[in-house]
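S.K.: Just add 142 to the spot in the sequence shown (first one is 1) and you have our numbering.
Hints may be right or wrong, so weigh each one.
Stated by the list, open to error - So the derived label-pair ranges between C-beta atoms look like this:
1. Val190 with Val301: 12 to 20 Å
2. Leu166 with Gly191: 34 to 42 Å
3. Gly191 with Arg308: 16 to 24 Å
4. Ile196 with Val235: 30 to 38 Å
5. Phe229 with Asp164: 27 to 35 Å
6. Ile305 with Asp164: 19 to 27 Å
7. Trp240 with Asp164: 16 to 24 Å
8. Leu284 with Ala192: 35 to 43 Å
To be clear, the hints were calculated from the coordinates, so they are not data collected in a lab. By construction, the Cβ of each residue, glycine as well, lies at the ideal position given by its N, Cα and C atoms.
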Amino acid sequence: MSIFKSKFLDRTASSLSQIRGDQLVMLPILIASDLLVKFKVEQILTEVGASIPIFPGFNFTLGRNRGVSFGILDSSHWIAPYLLSSFAIVLVVFALSWAARQSSKLINFAGILFAAGGLANAIDRLGDGAVTDYLDFGWQALRWPTFNLADILIFIGVVLLLIAWRNGSQNLEDGEQ
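Modelling step: build the complete structure from the supplied sequences, incorporating the hints.
M.R.: This is how it looks when you write it as structure tokens:
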């Protein structure tokens, strides 16, 4: 193994070990919550039909996303779920490692949310090649693509990171204040 790989792996492992215990507990709870909700929603929607109106403009609608956000890179090729999940896991490890090196609690929290959402969707995709989506917003023909709790976690994580960056809570390039 090259010196670069060794130093990189050591730094990543060291960074991940800095994650606070309370944050580390949140990670599996958020992942399990997302997977449980997906399982129950899929079970219910399969029994009663493809869509359940909740209120005007919001339905629970079963969606299967074989691509990434909004169906981009949609593929039914057998290798696609493994490639997309592997990429997501690597991205999550990098993001979590970087966030753990920051002293900002907001950035640490954002990293946990991003990681939980990314890992939950990766695990879901490995099950049957697609991510289960169920939150359906829109009005008549104007519909937002269906999404799920993991997508919300990713979105909130990114928004919190942007807020931290905007507020200048940290030098986001090297993790030092």
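S.K.: None of the hints should be skipped; say for each whether it holds.
M.R.: Going down the list of hints, with the structure as the test:
{"no.": "1", "hint": "Val190 with Val301: 12 to 20 Å", "verdict": "33 Å, violated"}
{"no.": "2", "hint": "Leu166 with Gly191: 34 to 42 Å", "verdict": "40 Å, holds"}
{"no.": "3", "hint": "Gly191 with Arg308: 16 to 24 Å", "verdict": "43 Å, violated"}
{"no.": "4", "hint": "Ile196 with Val235: 30 to 38 Å", "verdict": "36 Å, holds"}
{"no.": "5", "hint": "Phe229 with Asp164: 27 to 35 Å", "verdict": "29 Å, holds"}
{"no.": "6", "hint": "Ile305 with Asp164: 19 to 27 Å", "verdict": "21 Å, holds"}
{"no.": "7", "hint": "Trp240 with Asp164: 16 to 24 Å", "verdict": "19 Å, holds"}
{"no.": "8", "hint": "Leu284 with Ala192: 35 to 43 Å", "verdict": "19 Å, violated"}
Going through the hint list in order, the structure does not satisfy hints 1, 3, 8.
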